[in-house]
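Just so you know, the sequences run in chain order H and D.
Heads up, the first sequence is in the working numbering, so the first residue is 27 and it goes up one at a time.
Heads up, the second sequence is in the working numbering, so the first residue is 27 and it goes up one at a time.
I should point out that these hints are in silico values taken from the structure, not numbers from a laboratory.
For glycine and all other residues, C-beta sits at the position ideal for the given N, C-alpha and C.
Any given hint could turn out to be false.
Which chain H residues stay away from chain D? Per the calculated CB distances, all over 12 Å, these [what the hints assert, rightly or not]:
| # | residue |
| --- | --- |
| 1 | 62 |
| 2 | 172 |
| 3 | 232 |
| 4 | 498 |
| 5 | 499 |
Result set (DSS-like, lysine-lysine): computed pairs, CA atoms no more than 30 Å apart in a straight line [claimed, not checked]:
| # | chain 1 | residue 1 | chain 2 | residue 2 |
| --- | --- | --- | --- | --- |
| 6 | D | 246 | D | 314 |
| 7 | H | 265 | H | 314 |
| 8 | D | 246 | H | 246 |
| 9 | D | 363 | H | 363 |
| 10 | D | 250 | H | 246 |
| 11 | H | 104 | H | 61 |
| 12 | H | 250 | D | 246 |
| 13 | D | 314 | H | 314 |
| 14 | H | 250 | D | 250 |
| 15 | D | 104 | D | 61 |
Per label pair, the in silico range of CB-to-CB distance [claimed, not checked]:
| # | chain 1 | residue 1 | chain 2 | residue 2 | range |
| --- | --- | --- | --- | --- | --- |
| 16 | H | 307 | D | 258 | 26 to 36 Å |
| 17 | H | 53 | D | 68 | 51 to 61 Å |
| 18 | D | 183 | H | 47 | 18 to 28 Å |
| 19 | H | 81 | D | 270 | 15 to 25 Å |
| 20 | H | 335 | D | 232 | 45 to 55 Å |
2 protein chains.
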Amino acid sequence: MEHDYDVVTAHPDRLPGDAASIYDEDGAIEPNFLKNVAAAVSAGNAALVRQLAGDLHEADLGALIAALEPDLRAAFIKLMGSDFDFAALTEMDHHIRDEILAELPNETVAEGVRDLESDDAVTILEDLDAEDQAEILEALPPVDRAQLQRSLDYPDYSAGRLMQTTFVTAPPFWTAGQAINIMRDTDEENLPDSFFEIFIVDPAHRLLGNVFLDTLLRAKSSAKLEDIMCSDRRRVEVKEDREEVARVFQRYNLVSVPVVDEAERLVGVITIDDIVDVIQEEADAEVKALGGVSEQEELSDTVWWTTRSRFPWLFVNLITAFIASSVLGLFEGSLQKMVALAVLAPIVASQGGNAATQTMTVAVRALATRELSRANALRVVLREIFVGVLNGAAFGLITGLVASVWFGFAGIGVVIALAMLTNLVAGALGGILIPQALNRFDIDPAVSSSAFVTTVTDVVGYASFLGIATVWFGLA
Amino acid sequence: MEHDYDVVTAHPDRLPGDAASIYDEDGAIEPNFLKNVAAAVSAGNAALVRQLAGDLHEADLGALIAALEPDLRAAFIKLMGSDFDFAALTEMDHHIRDEILAELPNETVAEGVRDLESDDAVTILEDLDAEDQAEILEALPPVDRAQLQRSLDYPDYSAGRLMQTTFVTAPPFWTAGQAINIMRDTDEENLPDSFFEIFIVDPAHRLLGNVFLDTLLRAKSSAKLEDIMCSDRRRVEVKEDREEVARVFQRYNLVSVPVVDEAERLVGVITIDDIVDVIQEEADAEVKALGGVSEQEELSDTVWWTTRSRFPWLFVNLITAFIASSVLGLFEGSLQKMVALAVLAPIVASQGGNAATQTMTVAVRALATRELSRANALRVVLREIFVGVLNGAAFGLITGLVASVWFGFAGIGVVIALAMLTNLVAGALGGILIPQALNRFDIDPAVSSSAFVTTVTDVVGYASFLGIATVWFGLA
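This is chain H alone, in the form it adopts within the complex:
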């Protein structure tokens, strides 16, 4: 019988126990250790570099490289030579990785990529320009090359880009004992470094089910795999978006999921450690989008890149600020007659903006986690309106009292209280409806909501305060 175990790549689950010591209490690389490594690299002392960093876990190695001065990074890798684990390059932000890859000869990269898990190799290759990518693939053995090329052909952010393409399969008619014996008699190097389950496939490589290793271990030797396999194993399609894959993992607390093509053929496995990175990146993107920053922005970006990437968002905000100011401009006459209005108007706008941002944050989060849907939209909108009315009344009262005392007449207090109530209700409506509307039109609400929402609260804030004041005090 043919050995049907594909070679699966490693889970880096086995770690040196003392690796934590390279960090200081802030979680940064320990300064003295960093200085020693940098000095060894500068001196070109390969033996010392290998002695200092040779035993590090790939994650620690990646953190160390990122902490080195940019001009020492590629030199460090060259000095490490064949001791360098290219998996470390997947453990840093992609700007640093791209800079390093640009400095390394393509043969070196090809040599390093050859030993990697397919998903790590894809991570390293996917951002390279087409020419370098082709040259590196050319230098790989045909089997590896074809496999990597296939992964790279899947769309960005798809399951196909995340999966490992090597895994263990067995036919359904094998017994548990056969499976265990064959694994035991197989050469170490023909077996994967680490795996949790074997997949049961038919002759056309269609996924029939899986057997977790613990199930295999406690099954009777004579039990057929098809009788102990789990045939309703949850699976994902190879072109599925990675966010959707992450949601499946989270909802069902999975540790791994098989990936199949349109014909239900098994083409790969995605493990939870890659999904953790996806979840982290999605959260990162959402925080940055809400703060008006590109999700690609990293601390290692240049001044020029950062300036340009932040410009568009600020430009949009400038336009909204001019729109808001033009509302102030409509009331120039009133402002001239009563300068207190100019002093107080920003308070109304700002308080409305902050209340609306609270509502918007909740809405954006709930849309991202799918907690907010058509089914509960009405209830949530009503809740926000009531919250707006209550906090609008509370802050109207407080602001009204302070303003009356400050400017010495009660009228201004009444006017600002009414404007505050109006603006907090408007903010609640804007904060809850705008993200949902954008989402309906497939526009990312985290990116675009806040410009619209603050325009609403600025315009309503100025217009209500100055409008009510103009009528109340007869300023027109």
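Guided by the hints, dock chain D onto chain H, whose structure is given.
This is chain D only, laid out in the frame that chain H set:
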């Protein structure tokens, strides 16, 4: 030889293949299905309820319960009877869970908790009041009770609260073959539902190492566990904060980690599925904190709770808005003489606030991920200042041109351009330094930065624009 396999609880990795069909394309529970379940619950038709929901995965069951009207939820669980999997209660937000638990008799909860993984049982019990908790624990078998009580005695948010307290252990002198044979001959019910590794412990239960199941499977039958075990397995201390545990998982791409007490005795295992929830919750907390919302806030909160929980943040903002307005108040004379200043001043403040928020977002993110530390702080601060200067110059120019045309004289353009440049540099400084300063004093920068930062940009924006204008136009 004594069987040394503890019973480990299940990973819910085996799933019905058709469970996805209860969702519509928005990811909400399919409305017709929901209506049918609700009708069956209202009619008290237990058989129909069980037929509709009996085969659901715990995650889908949790989603279904959360989608039901509040007054049907406990009734649904009572009708499901012994078919109800209490693990479903861990798959919904804690407000809903707490409301349901309050309605269920303590004996029912005790009965349901008995079958759960210890970590799920802790999740359900930890938020109950002391009296209910004691009554439920009392109703459990002594072994379960003692184990749960111990977990509940660990601090909130510690590794001890997350871990499962059941796992498989073996002595180091066993052979791989012995281990496999004993597992195979053991009664199904005395073996865990699912596990990835066996832990090697000494007679005092101190953790010596671990053997992953794939290693066990391919080892020679005669190999001693102590020879194939991985003795430098990364571990965490039982009182470690869960955020720190999550960082270890993420940094080293772990799937599980053993938990030890002060004496290095093995007391539990944390698996990645629980850590995914921690990562998600931490990200959620950061997004909400930046938006001025309590991390506890959920869509299911009441109007009154929401209003009160949002009030303090708005109150802080009101104070900062008054501070900013008092700066405007200092220039009342200038405003009176030139009303254009009142119209334009908010633009300078708003643009500075948005630029500062970008910087602050990057800083808060980088502090959370430990990318920003003392080692690179100076470089990052300088980068932000340069970005502030460049975007300040760009937006100074644009705003200056528009303002000159709008109000028909060049002077106002020059003044607003200078003020804009000043405020964007001030915003860059505030945005990058304030989060770091707060972090140094152990104050969560995500929660507190933005109030300070926008105060800086409002005050500097108004003061620079009106100050320069007063001097330039001789308004004093």
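Against the structure, the hints:
1. 62: holds (15 Å)
2. 172: Given a closest Cβ separation of 26 Å, the condition holds.
3. 232: Fine: 14 Å to the nearest Cβ keeps residue 232 (chain H) off the interface.
4. 498: Correct as stated: the minimum Cβ-Cβ distance to chain D is 19 Å, above 12 Å.
5. 499: holds (16 Å)
6. D:246 to D:314: violated (53 Å)
7. H:265 to H:314: holds (27 Å)
8. D:246 to H:246: OK: residue 246 (chain D) and residue 246 (chain H) at ~19 Å, within 30 Å.
9. D:363 to H:363: OK: residue 363 (chain D) and residue 363 (chain H) at ~11 Å, within 30 Å.
10. D:250 to H:246: holds (22 Å)
11. H:104 to H:61: holds (18 Å)
12. H:250 to D:246: At roughly 22 Å apart (the allowed maximum being 30 Å), residue 246 (chain D) and residue 250 (chain H) satisfy the hint.
13. D:314 to H:314: Distance ~13 Å between residue 314 (chain D) and residue 314 (chain H) Cα, so the pair holds.
14. H:250 to D:250: Holds, at roughly 28 Å.
15. D:104 to D:61: holds (18 Å)
16. H:307 to D:258: 26 to 36 Å: holds (30 Å)
17. H:53 to D:68: 51 to 61 Å: holds (54 Å)
18. D:183 to H:47: 18 to 28 Å: At roughly 26 Å between Cβ atoms, residue 47 (chain H) and residue 183 (chain D) fall inside 18 to 28 Å, so the hint holds.
19. H:81 to D:270: 15 to 25 Å: holds (23 Å)
20. H:335 to D:232: 45 to 55 Å: For residue 335 (chain H) and residue 232 (chain D) the Cβ distance comes to about 52 Å; the hint holds.
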